[in-house]
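Enquirer: The chain contents come next:
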Amino acid sequence: MFSYCTDPSALEGLSWLSCYLTTGKHMGFYISFVVVLVLLAITAPVALLFGFAGATAARSRVAPLRWLGKAYTSIVRGVPDIAFFLFFVIALDQGFEWLRHQVKCPDWDAPVRQGNDFIVCDIAKLPLSTSPQWVHETYGFFLAVLTFAIVFGAFAANVLYGGMRAVPRAQLETAEAYGMTHRQTFWRILVPQMWVYALPGLGNLWMVLIKATPLLFLLGVEDIVYWARELGGTKNARFTDYPHGDWRIWYFLFLLVFYLAFTRVSEIVLERLMVRLSHGQATTGGEKLRKGANA
Amino acid sequence: MKKLFLGTAALALTAGMALADTVRMGTEGAYAPWNFVNDAGEIDGFERELGDELCKRANLTCEWVKNDWDSIIPNLVSGNYDTIIAGMSITAERDEVIDFTQPYTPPDPSAYVALSADVDLAGGVIAAQATTIQAAFVAEQGWTLVEFATPEETVAAVRNGEADAVLADQSFLDTVVGDGLVMLDRKEALGGGVGMGIRESDGELRGKFDAAIQSMKDDGSLNTLIAKWEVSSQW
Numbered sequence: 014m015f016s017y018c019t020d021p022s023a024l025e026g027l028s029w030l031s032c033y034l035t036t037g038k039h040m041g042f043y044i045s046f047v048v049v050l051v052l053l054a055i056t057a058p059v060a061l062l063f064g065f066a067g068a069t070a071a072r073s074r075v076a077p078l079r080w081l082g083k084a085y086t087s088i089v090r091g092v093p094d095i096a097f098f099l100f101f102v103i104a105l106d107q108g109f110e111w112l113r114h115q116v117k118c119p120d121w122d123a124p125v126r127q128g129n130d131f132i133v134c135d136i137a138k139l140p141l142s143t144s145p146q147w148v149h150e151t152y153g154f155f156l157a158v159l160t161f162a163i164v165f166g167a168f169a170a171n172v173l174y175g176g177m178r179a180v181p182r183a184q185l186e187t188a189e190a191y192g193m194t195h196r197q198t199f200w201r202i203l204v205p206q207m208w209v210y211a212l213p214g215l216g217n218l219w220m221v222l223i224k225a226t227p228l229l230f231l232l233g234v235e236d237i238v239y240w241a242r243e244l245g246g247t248k249n250a251r252f253t254d255y256p257h258g259d260w261r262i263w264y265f266l267f268l269l270v271f272y273l274a275f276t277r278v279s280e281i282v283l284e285r286l287m288v289r290l291s292h293g294q295a296t297t298g299g300e301k302l303r304k305g306a307n308a
Numbered sequence: 015m016k017k018l019f020l021g022t023a024a025l026a027l028t029a030g031m032a033l034a035d036t037v038r039m040g041t042e043g044a045y046a047p048w049n050f051v052n053d054a055g056e057i058d059g060f061e062r063e064l065g066d067e068l069c070k071r072a073n074l075t076c077e078w079v080k081n082d083w084d085s086i087i088p089n090l091v092s093g094n095y096d097t098i099i100a101g102m103s104i105t106a107e108r109d110e111v112i113d114f115t116q117p118y119t120p121p122d123p124s125a126y127v128a129l130s131a132d133v134d135l136a137g138g139v140i141a142a143q144a145t146t147i148q149a150a151f152v153a154e155q156g157w158t159l160v161e162f163a164t165p166e167e168t169v170a171a172v173r174n175g176e177a178d179a180v181l182a183d184q185s186f187l188d189t190v191v192g193d194g195l196v197m198l199d200r201k202e203a204l205g206g207g208v209g210m211g212i213r214e215s216d217g218e219l220r221g222k223f224d225a226a227i228q229s230m231k232d233d234g235s236l237n238t239l240i241a242k243w244e245v246s247s248q249w
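One line per chain: the protein sequences are E and W, in this order. According to our numbering, the first sequence holds residues 14 to 308 in order. According to our numbering, the second sequence holds residues 15 to 249 in order.
Pulled out of the complex, with its shape left as it was, chain E reads as follows (with noise of 0.2 Å):
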């Protein structure tokens, strides 16, 4: 990157470090950061939506509705997230395939399944192999998207039907005397009110879905642990200008570093939205609001 790194074996010190810091390699490893971010950033929503999905499906008055609900709950919860990770998302995959395959080659009459092999017509295949790198990275990243916004979706449902049914039900009762339709009752006052008996709940998904995800690298999305490995590893001068030794645990603590920082910007986020949303409640946090507020 800087013009003094054109031979590295005669640099020392922070000049060569500022080189090797800046190579290729590295670049990538920042740019996981970024992608690791993205993907939270994107992720969090998502599963929030599947969460209130699922938690409104879990309460449905339809029976159907509600076993739905429930039922993905159940399951997604039960099921471990590296089998999740390492059998839903080629299933998914194929799943896209078979559907595309099924449109646009009608009259193809080979099986698809063909022993081990899962075979579509090629341009069924989803991205088409022809296309670039990036658009198979970004396919990947978004099937990592919609993987953890199934499993953590799941799991916020949860934390939302339990929300759900923490709001005083003398509420409710109340929105009832008032005239209210159970779709009035559900928006004006169940789903305003049940954000505070959720957020723990919620916070504590987002400090685990921080930290699940090195999972993605088993998506081939290239995270941020799996390029602390690779550039941590002993390098051999016969492959590289810059040898080392296994500093594997140089990028880990900096990984440790990263992650403990980031959670802790997250708590004091979490705790700041904690004492907003506890404003006018009638909960224990409203009610310390309300007499620090007189006083």
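Calculated from the structure, these hints are not laboratory results. Mixed in with the good hints there might be a few duds.
[As the list claims (entries may be wrong)] In silico DSS-like pairs for lysine-lysine, Cα to Cα no more than 30 Å straight-line: (1) W/Lys-242 x W/Lys-70; (2) E/Lys-248 x E/Lys-83; (3) E/Lys-38 x E/Lys-248; (4) E/Lys-224 x E/Lys-38; (5) W/Lys-242 x W/Lys-201; (6) W/Lys-242 x E/Lys-248; (7) E/Lys-248 x W/Lys-201; (8) W/Lys-231 x W/Lys-70; (9) W/Lys-70 x E/Lys-38; (10) E/Lys-224 x E/Lys-248; (11) W/Lys-242 x E/Lys-38; (12) W/Lys-231 x W/Lys-242.
We have chain E already, so just place chain W on it with the hints.
Expert: This is chain W only, laid out in the frame that chain E set:
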């Protein structure tokens, strides 16, 4: 979900207009000198150079894909890439699931690396990369085996005393000896040479690569490459 599906479908449609025979080459990128990631962040090594040359001879456009060793076969059979070119030895067990081209390097001995030359293999703990021929061999002997996901970790395990020795391809271990690690004299003849893994239903592609490998064997360029990267003995 539907929106996402349509979105990616549109993306794939617009991106895939150019009609070339693109072959996606799957590799691990963590097994120098066979395949590794260089300073620029690109896949490099013996198999990178070999693969590019094979594609040129077979008139194919090749794209390189990195994949974890653990899931390298499942991802091939489900069609995420079209070949495995990752120092994979041809074994009867793997041959049941996928097909192999003819070998591009002859079978080479596997070697042990330990902290001292007088280590007791049968009584000690032997490290090997998971789902490799070396791991299978250690298990067969009835020795104590510890498996790791990457080659790097198997060597680190010997260094920090978690394992007494590591069993791996000699060409890989050649790059790690020194600095306290020694190679034992004992060698094991495992596997049937290294070839490219291809889906069983992809006979046409296999034929193309077979012909390309043969032509490189015939004109001696394969031996030159093997010598350059010191991966195995010559043909």
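Enquirer: Evaluate each hint against the coordinates.
Expert: Results of checking the hints against the structure:
Under the criterion of a C-alpha separation no larger than 30 Å, the hint pairing W/Lys-242 with W/Lys-70 is consistent with the structure, at around 19 Å. A distance of roughly 51 Å separates the Cα atoms of E/Lys-248 and E/Lys-83; the hinted pair therefore is violated under the 30 Å criterion. Taking the CA atoms of E/Lys-38 and E/Lys-248, the gap is about 13 Å. The hint holds against a cut of 30 Å. With a CA separation close to 23 Å, the supplied pair E/Lys-224 and E/Lys-38 stays within the 30 Å bound.
Between W/Lys-242 and W/Lys-201 the CA atoms are separated by roughly 23 Å; this keeps the pair inside 30 Å, and the hint holds. Our distance criterion of 30 Å between C-alpha atoms is met by W/Lys-242 and E/Lys-248, whose separation comes to about 19 Å. Taking the CA atoms of E/Lys-248 and W/Lys-201, the gap is near 25 Å; set against the 30 Å cutoff, the hint holds. Between W/Lys-231 and W/Lys-70 the alpha-carbon distance is near 15 Å, which keeps this suggested pair within the 30 Å criterion.
The straight-line distance between the Cα atoms of W/Lys-70 and E/Lys-38 is roughly 27 Å, inside the 30 Å bound, and the hint therefore holds. At most 30 Å may separate the alpha-carbon atoms for a hinted pair to count; E/Lys-224 and E/Lys-248 meet this at roughly 28 Å. The suggested pairing of W/Lys-242 with E/Lys-38 holds, with an alpha-carbon distance near 24 Å, which does not exceed 30 Å. For the hint pairing W/Lys-231 with W/Lys-242, the CA-to-CA distance comes to about 15 Å; that is within 30 Å, so the pair holds.
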